[in-house]
Amino acid sequence: MGVPTIAFEMSGSVRIAVLAGDWTLTGLEGRLQALRGQLAAADAGGIETWNLSAVSRLDSLGASVLWRGWGDRLPERLEADPRTRRMLESAAALGVRRRAGAPRSRRGDSVVALGRVGVALWSQLIGMIALTGQMLFDLASALRRPHEAPLRELSANLYKTGVTALPITALVGFLIGVVLSYLSALQLKTFGADVFIINILGIGIVRELGPVLVAVLVAGRSGSAMTAQLGVMRVTEEIDALTTMGVPATLRLVLPKVLALLAAMPLLVLWTSSAALFGGMVAASIQLDISYGFFLETLPRVVPIANLYIGLGKGLAFGLVIALVACHFGLTVKPNTESLSANTTRSVVSAITCVILVDAVFAIATRHIGMPT
Amino acid sequence: MSDAVIDIRGLVTRFGSHVVHDGLDLALPAGEVLALVGGSGSGKTTLLRQVIGLLQPQQGQIRVFGQPLFSGDARADRQLRRRFGVLFQHGALFSALNVLENIAFPLRELRWLDREVIQDLVMIKLAMVELEPQHAWLMPAELSGGMIKRVALARALALEPELLLLDEPTAGLDPDRSEAFVALIRRLRDQLGLTVVLVTHDLDTLAALATQVAVLGERRILAYGPLDHVMKHDHPFIRSFFCADRMSRILARSRS
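Protein sequences appear in the order of chains Y and W. For the first sequence, the residue numbers in our numbering are 1 to 373. For the second sequence, the residue numbers in our numbering are 1001 to 1256.
For reference, chain Y alone in the conformation it holds in the complex:
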């Protein structure tokens, strides 16, 4: 392999630059800067003839380096074999091409950026509402023609989002219950108000903590899975295939997911709240010597049953929100990997945010209900 070189000669009064060696990607590695310097010096020194006959190989890199070194043009007197000349001519296209730069990104001022965010949010909202409407239509048609209802998908989704979530929700619920009970007990002890641990745990877990905890877990677990699944189906055109077979994608893919989560969430809330209460009860008995029997007997007296209904209602609402948000973001994935990952992230973040918002609405709407008098 020949090392690329430049040598200068005088032939009579004519100054000649003689190039030799491999002007290729491998040949030029580590020598690019030095050769560029020499080329610039040659250009300034008024070289009239360039002799490239001794160049053994020339590739795009060599051609582009020479082309730039010559100031974006071919020298007037050039000796080269046809092959080298052709390669140089392919680089000649660069002179014109350089000016066709990247289309300038139109970066407006902050007001425009704000407007853009607003429009994006608005279009997401419209998309969500459209999806909800479509789903209601699908539900109506499924009820009218029960044999077309996607029952198998419903059962599969129920298993995936509900049954397989049981261990993790129980574990997290139990631990949160223990922590909450332990921390509250430390405070209550100083006031001698030990028995109120049951009120705190009861109201806190049944009404607020249980549903929100489950919602966060399910949004991360099932919401992301739904978005990713629909997103990949979109990338691989499976959704289009379904549509052409006369199976509406929303009926077969979205409706079962939403219904399954609607059914599973209240049950998961019940399950997780029980686990959390159990954890609280264990911690209370250790910390405050409150017996299990006393705890279980007092709980229904200090926690009005309305709290349970509110908790289960929240479960229903959160399930609906999570499933709809996940499906919406899944169906709007664009066919590339970047969009898939971005939408999965957006799906989980939006679902959790929406859950907190809905929770706030619940808190305001039910502020007179279920509080012990």
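No lab work stands behind these hints, which were simulated from the structure alone. Not one of these hints is a red herring.
For each label pair, taking beta carbons as the anchor points, the in silico distance ranges come out as:
1. Y/PRO146 with W/GLU1132: 54 to 60 Å
2. Y/ARG73 with W/GLU1218: 56 to 62 Å
3. Y/LEU151 with W/ARG1249: 52 to 58 Å
4. Y/LEU151 with W/PHE1015: 37 to 43 Å
5. W/LEU1054 with Y/GLY46: 52 to 58 Å
Covered, in the sense of this in silico footprint (three residues per stretch, anywhere, with C-beta under 8 Å from a C-beta of chain W), are these stretches of chain Y:
6. 28 to 38
7. 54 to 62
8. 334 to 340
By construction, the Cβ of each residue, glycine as well, lies at the ideal position given by its N, Cα and C atoms.
Fit chain W to the given chain Y structure using the hints.
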């Protein structure tokens, strides 16, 4: 043949109990265009994947440019892989990067070229595959099938390979585009002095490009040589594949 670009000896490939290749030999001299043909499941794509080092053969050895693909020396392996470019059937463009970044990717990975040079090189490659400079800022999802193939070809050529491997280069293109793409490959091969291996089902592509044809079947190479020579081979598969009059029609067309 020690100067062969690809030298395969005694290759044995098994998937479980299913034997794909059993003692397959093949030597390809530099500057040739080899077409691998064969029925479905005859192991064409498997062979190609072994040549580019995506699959390791159970037995036998494959040498590319006289070097084994899995030498155990990571640096040498990487150097060797830079000497050939691969065009995957569906392009395999990175969907998160635009055309410019896709073609620039292998160049950036060298880590010694500066931005301007890389941009220049990408533009030269784009011109080589007959795409316009403004196409550089499109995303792969915005490209048509023919353009995806061209961009993928530009990316395969980015590191100035001496060997180009094409998996079904014209699959999924309409006859018009596929003809143009074949002409492009032929022109680039003449210009850059490439050795080319292609897997194809398309007789038009085969007739227009290949200087050598290898027919795979019965776990080995059934016939290997120039197209005219292979067509005369008296094996039921080869006869039905080239289906005498169909092939002579195509040949007459491509030579006219």
